[in-house]
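K.L.:
Each residue of the sequence shown is one higher than the one before, starting from 2 at the first, in this note's numbering.
Distance condition first, Cα-Cα at most 20 Å in a straight line; then the derived EDC-like pairs of lysine to aspartate or glutamate:
1) Lys110 - Asp254
2) Lys97 - Asp254
3) Lys133 - Glu248
4) Lys100 - Asp52
5) Lys88 - Asp254
6) Lys270 - Asp222
7) Lys142 - Asp67
8) Lys31 - Asp52
Now the in silico label distances, taken between C-beta atoms and shown as ranges:
9) Arg239 - Ile47: 24 to 30 Å
10) Ile35 - Arg257: 30 to 36 Å
11) Thr256 - Ile34: 25 to 31 Å
Everything labelled a hint here was simulated from the structure, so no lab data went into it.
Ideal placement from N, C-alpha and C gives every residue a C-beta, glycine not left out.
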Amino acid sequence: MNFENEYKDISRYLKDVFSIPETSEEEKVKLSIIIQNSEEGSEEYISARNDLVASNLRLVIKMAGDYKGLGLSLDELVSEGNVGLIKGATHYDHTKGAKFSSYAAWWIKQSIKRALYEKNKTIRIPIASLRKIIKVKNAVKKLDQELGRPPTDEEVAKISGLSKNVVGRLRVIPLKTDSLDDHIDGESGDRMSNLIEDVSSPNACDELMFKELKKISKYLDNLNEREADILARRFGLRGYEVQTLEEISEVYDKTRERVRQIQNRALQKLRPFLIKDGYGNKEYVSDSKHLHSDENPFKYKVDLDKLLEKEYNNDLLELYKDNEELQKLGVLELMENFGAFYRMMVNDPRYKLEFPNGFKKPRKSKN
Numbered sequence: 002m003n004f005e006n007e008y009k010d011i012s013r014y015l016k017d018v019f020s021i022p023e024t025s026e027e028e029k030v031k032l033s034i035i036i037q038n039s040e041e042g043s044e045e046y047i048s049a050r051n052d053l054v055a056s057n058l059r060l061v062i063k064m065a066g067d068y069k070g071l072g073l074s075l076d077e078l079v080s081e082g083n084v085g086l087i088k089g090a091t092h093y094d095h096t097k098g099a100k101f102s103s104y105a106a107w108w109i110k111q112s113i114k115r116a117l118y119e120k121n122k123t124i125r126i127p128i129a130s131l132r133k134i135i136k137v138k139n140a141v142k143k144l145d146q147e148l149g150r151p152p153t154d155e156e157v158a159k160i161s162g163l164s165k166n167v168v169g170r171l172r173v174i175p176l177k178t179d180s181l182d183d184h185i186d187g188e189s190g191d192r193m194s195n196l197i198e199d200v201s202s203p204n205a206c207d208e209l210m211f212k213e214l215k216k217i218s219k220y221l222d223n224l225n226e227r228e229a230d231i232l233a234r235r236f237g238l239r240g241y242e243v244q245t246l247e248e249i250s251e252v253y254d255k256t257r258e259r260v261r262q263i264q265n266r267a268l269q270k271l272r273p274f275l276i277k278d279g280y281g282n283k284e285y286v287s288d289s290k291h292l293h294s295d296e297n298p299f300k301y302k303v304d305l306d307k308l309l310e311k312e313y314n315n316d317l318l319e320l321y322k323d324n325e326e327l328q329k330l331g332v333l334e335l336m337e338n339f340g341a342f343y344r345m346m347v348n349d350p351r352y353k354l355e356f357p358n359g360f361k362k363p364r365k366s367k368n
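Kindly generate the complete structure, drawing on both the sequences and the hints.
P.N.:
Okay, structure coming up:
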């Protein structure tokens, strides 16, 4: 399809879409309830789903525009976005607290990104890398309009949240690739496919990680639905691609910081189950010589306390203040099962906690 025809088709489509009356959030909730309570494929189910989809077609058009120039035409992007919108309408549950538009936006993004990944690349670029390329592309476009000139890598890094070196590498990645069947040096040269490692079959490390993830996934049943879903999205469990806090915050219509707090609270709830199965670090905490060492963190299966201590102290503090059961624990239980809390309360002067009854800061040895 040439550009002129594409423009005409899109123009007609836009006219049709923007002629559809907007639907209130309350009406969207009513439609979602009908979808959830109706038999799939029934007339009532299809009618409600179509109405819910139609009310958000504008959102697809708006989001599709962010991915232009990455290898798919605008009408293809809109088409793929509509597929995601339909999935969102099918799975939406208003009781989880997210607005439909926020929830649907995630499905639309995933559908478009997956299409770019599947259709645009002869040599596949991983989804995580494609996300970064899109982020850099959008940052470059925005800065170019604001500055009236091509932005520097440093300027792009500032608004994309990526390092200057990463931006520099991603800006030179071609959006189109040569075929793997092409010859390197004329007809007599070797084919590109012969020089590229075959990564389609999983190696031993991949298989081991997959088994470990399956084990960890079973623990999510010990959480409430929202906590389990957030952890599943965050760590790529239950069929999800790994998602950032920002992406999850859009799904749940919460702030990024709030999603982080829910994530960390859920991780703490899982600690007893992880420890029981050998994923915690009782051994690490009880052996004092390891407490502040910088040795290989993979010596033990998962050094959860060290991870939490480095990344989540602020959230641990909030969790402690909100958790009455945790406040009732004695010092030995805190030391054994919540080492990150214990060391935070004792050693970090930034935190002035009201310690639980019986909890006392150990006296320094006179030696």
